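A.B. asks: What follows is the residue order along each chain.
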Amino acid sequence: MQAIDQHRGRLFAVEGLDGSGKSTQIDLLHKWLLARGYSAFFSEWNSSPLVKRTTRRGKTRRLLSPLTFSLIHATDFADRTERSILPPVKAGAAVLADRYAFTAFARDVARGCDPDWVRELYSFALRPTVAFYFRVPLEVALDRILGGRPEIKWYEAGMDLGLSDDVYESFRLFQARILEQYEQIAEESGLTVIDGTLPIAAQQRRVREIVEPYLEGLLRRPQGGWTSVLAEEGD
Amino acid sequence: MAQRFYGVPVPDVTLNGDLPGRLVVLEGTDGVGRSTQMQLLRNWLESSGVAVFDTGLSRGNLAGRHVQQAKEGHTMGPRTQCLFYCTDFADRLVNQIIPLLRAGYIVLTDRYIYSLMARAAVRGLERSWLKQVYGFALQPDLVLYLRVSLRNLIPRVLTSTGFDYWESGMDYLCEPSMYDAFVRHQTALLAEFERMVDEYDFKVVNADRSVRQTFESIQEHVCAVTEGMLPQSTRLGLTPPLPVPQEKRNEERAVPSDRLREMLAVLLEDVE
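Line by line, the protein sequences are chains Y and B. With this note's numbering applied, the first sequence corresponds to residues 1 to 235, in that order. With this note's numbering applied, the second sequence corresponds to residues 236 to 507, in that order.
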């Protein structure tokens, strides 16, 4: 991955299993940064408008193989890097990423892609200032997701791997594989581990403590609009 | 016969020496005459009784149409463009090329990873990265590189499609004139292809000559790699166009086009 030190901005990413609570945490972090007047942008995995239709087509029609699954997500990631991650970071702002390249390292390898190939594929990615890994035991994550017997999508459950004919069982087995990858990646890439079984507020306190030292000198949001009116009234 | 991947194999695909078909690639820059040669080649091989499948960039079921549409917006960065094409290529490799080679077809492909790597390299992407990312590609049995000089290329492009935004590198070159951009971009592309000649064992075909002469060289190379597939009676030279079954006339690319039929008619008249 590419060093971020040369840029003035910062990049914070969250990783973890479905149900690890990472999205909740990054959402809270985002609001906190905005409230403190920083310029903070959010980038979500698999959200590039350019690539979305292809991913959707591939998923609904089940056209994706492990290789094309990996490449279409890398295309999405490249578009977001070129369009919405690198420019704010260069400009000195904070970018928050809900899932990052480590998600691909975990999922694509769980699908059978070569680990070194996937890492090379994403070597153009900026290395995050901090990449949090929300660690939860498999059963906790599964309970959080499967508690309400929701509809699990085909690829989400790893049905393409033929692990089981039962969607829920397949999802369990696939998540176990992903967890195994995450644990390796956390060590290899020095992810910052947060205990995802702690209360939400306790996790958030920890996240903010870790982020705090990196905020000095970050770009601030231009004043104006309703936020500044409210701020003045509060004086 | 193509039995090896360049680098890390396609996940879930094993090659146990069971691809009896042949993978033949036509490479060369924009406007060099690849599609004309593809049509002549397909017609000739089918006349000889061999099953042929042809494919080309952004023709995959998964991403092909979307790659084309994304180009219309002029909003793709170089890495995104590269990976989008790569996705389409991977889709065609896994779902078309490998299964058809397994079934014994001669698969003709109009461009392969080399064009994709050249386009990305001239736009500043790292060659070593490209080589590794595209490592899952199958090594073809034959890579025909249609080499053309810029001097001959310009009039051909002018009289056929005219200069195209992407083929002129207008997305990355800071040139107000499309002609100047085209010259700079194509010069850079031709240099990239030359870098690859030895590494990827290109068979260089001089495409500065006539369509007929170029085609005859191509046929010789194809004969060399299809030994045992073509009947003894196979003749070199141009073949009269195959009749087109009525119900197939509307199927794009399934049969020689009307343009080919006209072209062949003119060329065959010359011979007589």
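Don't read these hints as lab results, they were simulated from the structure. Warning: the hint list may mix true and false statements.
[Stated by the list, open to error] Coverage of chain Y stretches by chain B, computed from C-beta distances (three or more under 8 Å per stretch; other residues unrestricted):
1. 20-32
2. 61-74
3. 77-86
[To be verified] Covered stretches of chain Y (in silico footprint by chain B; criterion: 3 or more residues with CB under 8 Å from a CB of chain B, positions within the stretch not fixed):
4. 165-175
5. 208-219
Note that the structure is a prediction, hence the values are computed from the model and not measured. Beta carbons are placed, not taken as given, at the ideal position from N, Cα and C, and that holds for glycine.
A.B. asks: Each hint needs a verdict: does it hold in this structure or not?
C.D. replies: To see whether the hints hold, each was checked on the structure:
no., hint, verdict
1, 20-32, "violated (count 0)"
2, 61-74, "holds (count 9)"
3, 77-86, "holds (count 5)"
4, 165-175, "violated (count 0)"
5, 208-219, "violated (count 0)"
The structure fails to meet hints 1, 4 and 5 from the earlier list, while all remaining hints are met.
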